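Colleague: Keeping their order, the protein sequence lines are chains E and C.
Going by this note's numbering, the first residue of the first sequence is number 1, and it counts up by one from there.
Going by this note's numbering, the first residue of the second sequence is number 1001, and it counts up by one from there.
Because the hints were derived from the structure by calculation, they are not lab data.
Heads up, a few of these hints could be off.
[To be verified] On the chain E side, residues computed to face chain C include the following (Cβ under 7 Å):
{"id": "1", "residue": "Arg175"}
{"id": "2", "residue": "Ala199"}
{"id": "3", "residue": "Ala318"}
Computed from a prediction, not measured in an experiment: that's the story for all the values here.
Virtual Cβ for every residue (Gly too), placed ideally from N, Cα, C.
There are 2 protein chains.
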Amino acid sequence: MRGAPGAPLRALLLGFGNVGRAVAEVLARPERYLGLAGLDVAVIGVVTGSHGALVSPRGLDLSRALDEWRGHGRFTPGHPDHARTTALDAVRALDYDVMVELTPLARRARGEPAIAHVRGALERGRHAITANKGPLAWAFRELRDLADAREVAFLYETTVMDGVPVFNLARHGLRGATLTRVEGILNSTTNVVLGTLEAGGTMADAITRAQREGFAEADPADDLEGWDSAVKLAALASVLLEAPLEPEAVEREGLIGLDHARPAAVRARGARLKLVCEAWRDGAGVRGRVALREVPGDDPFALVEGTSSILRLVTDLAGAIVVTEEHPDIRVTAYGVVSDLLAVAARDP
Amino acid sequence: MRGAPGAPLRALLLGFGNVGRAVAEVLARPERYLGLAGLDVAVIGVVTGSHGALVSPRGLDLSRALDEWRGHGRFTPGHPDHARTTALDAVRALDYDVMVELTPLARRARGEPAIAHVRGALERGRHAITANKGPLAWAFRELRDLADAREVAFLYETTVMDGVPVFNLARHGLRGATLTRVEGILNSTTNVVLGTLEAGGTMADAITRAQREGFAEADPADDLEGWDSAVKLAALASVLLEAPLEPEAVEREGLIGLDHARPAAVRARGARLKLVCEAWRDGAGVRGRVALREVPGDDPFALVEGTSSILRLVTDLAGAIVVTEEHPDIRVTAYGVVSDLLAVAARDP
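Okay, chain E solo, but in the shape it has when bound:
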């Protein structure tokens, strides 16, 4: 699928939000990172939903694209590479090696159109990387089977815990062991809200902070009602517990209706109130729950603050392993995508 040997990996990016721009920042100057010395990616298109598109078969100048975005908040017709195309048309018509899905999650649309974007790329025999959780939560098996049939890669490392390689850990690291249960704190906004309430602040303060710092979901209800946690749990369960679990089937509690004094009262007893996601095998299937839990002070879950996240993997043979991501910035989210690009580049000769 790649052109001449040694030719760059041609990537099509869909979406240019916080994550997309952070990926572009890394790809614009990979020489800043020791381990990216061998990375040779030409971004042949960046297509957004309603903020314009840039296309260049020889590869875009990403620094210029980032400058234009900083100036105008969109790609304007004055740019020589400006193009009129929809994401789905670009997926179907442009010539690329790997499609990178970076659009925001559309929870009410059950992961569409991101699922259609991934399917479109895989059907053409192109690799697909998604930073959008929708394709895992609602269509993992179909897309994995399609990728296997076309012998291309379908990668998604950044969807849960950003730069922490949870899927790689389970795939390469836990060979022969069987995961029986996963549990985690996976949503930043609710974690910040609980910490703010504990300290005597208001929910509105915390939501404002989450939006200003760019980690809140587009629709705050998706965070506060536990939907973002449920979607991440569905993604984890579908991949790691090997049975489909749709977000709508996750038993779900959020922060709506929470007594604002409760987090401080729990803390005063030496515990912490946390929104915990859990999924476990149940016969041939899997069950999931997102719920407020009083976590004892000596559990590492009690120490997870702000944008940090944590995941406990319980196995039959490798014991219990806990992974914590400490205070990630947006570059760490971008890293998950870049590591998938490196995996695709290593796969092709």
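Here the structure of chain E is known, so what remains is to put chain C in place on it, guided by the hints.
Modeller: For chain C alone, kept in the frame of chain E given last:
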């Protein structure tokens, strides 16, 4: 190197201590574990230093070997597969696909004879797995280069943090990111001693417990003087920070001379006294230190109790990732070896 396709992987085990017997327990009845359904290993020899050896080219009956050990604490000449051989002779003369080094660490002998065992297997073009840290701490580059030259596997997942796949995590999971620093709590005996002193017990109590439960090193001085931590740090640094660091070059503090009241005094201030290993890049080289540190109560290092262990991986691009192993039993140590056997089996067609 394997015989007929579908033939079992023929393994030679050196050592039959706690870890060796736990590996044999798993291999004797792999059908107890869902993920080991495809594992087909024939152990063609078990050779100990001074407790006898069993050899059978068709594969030993491991349940019978374990029974004999439980009864006699050694392999006796009455066993039909009893053999007279040294470990090094077995490495050089027997026919096997993979050698598994399970002998205790000989710190004063700078990792020998385990290094010679691994070298001997690799020189014959056989795969080598080591649960002994010596070959990594004193001879990693030589052995890795030898394995690469002979196109065989050299694996060592269980040497640090037992069943937690720290080396696989760095190898497959942190592609493109550069590790700049590792820090951890990696020795159970000293961690149990510090917890016992905190609670008002004596060092002798704690050491007795560690020996009874089987996690103390053969020579308690190797634990208490910080040598076991230094050897693990040297292993981690040599593999993950890509520069040799010998245990003797690690700045080293242990528990000898510790004021027995100090752990409780530190705890009363809301912190914990822990023996922390750290290694970091320093120019083209790497430096290491094992030292008592007062860890703040909100650091996950403060929650590591007893035989649990923790490792923080600090990177340039993937942020800081913390991995905790919670209360492992000996089976988890065995799992690290079994996962390496599965990796070898997956490598050979």
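Colleague: Now look at each hint and say whether the structure bears it out.
Modeller: Hints and how they fare:
Here the hint on arginine 175/E is kept, as its CB sits about 5 Å from the closest CB of chain C, short of 7 Å. Annotation: interface hint on alanine 199/E violated; nearest CB of chain C at approximately 14 Å, more than 7 Å. Of the supplied interface hints, the one on alanine 318/E holds, with its beta-carbon coming within about 4 Å of a beta-carbon of chain C, less than 7 Å.
Taken one by one, the earlier hints fail for this structure only at number 2.
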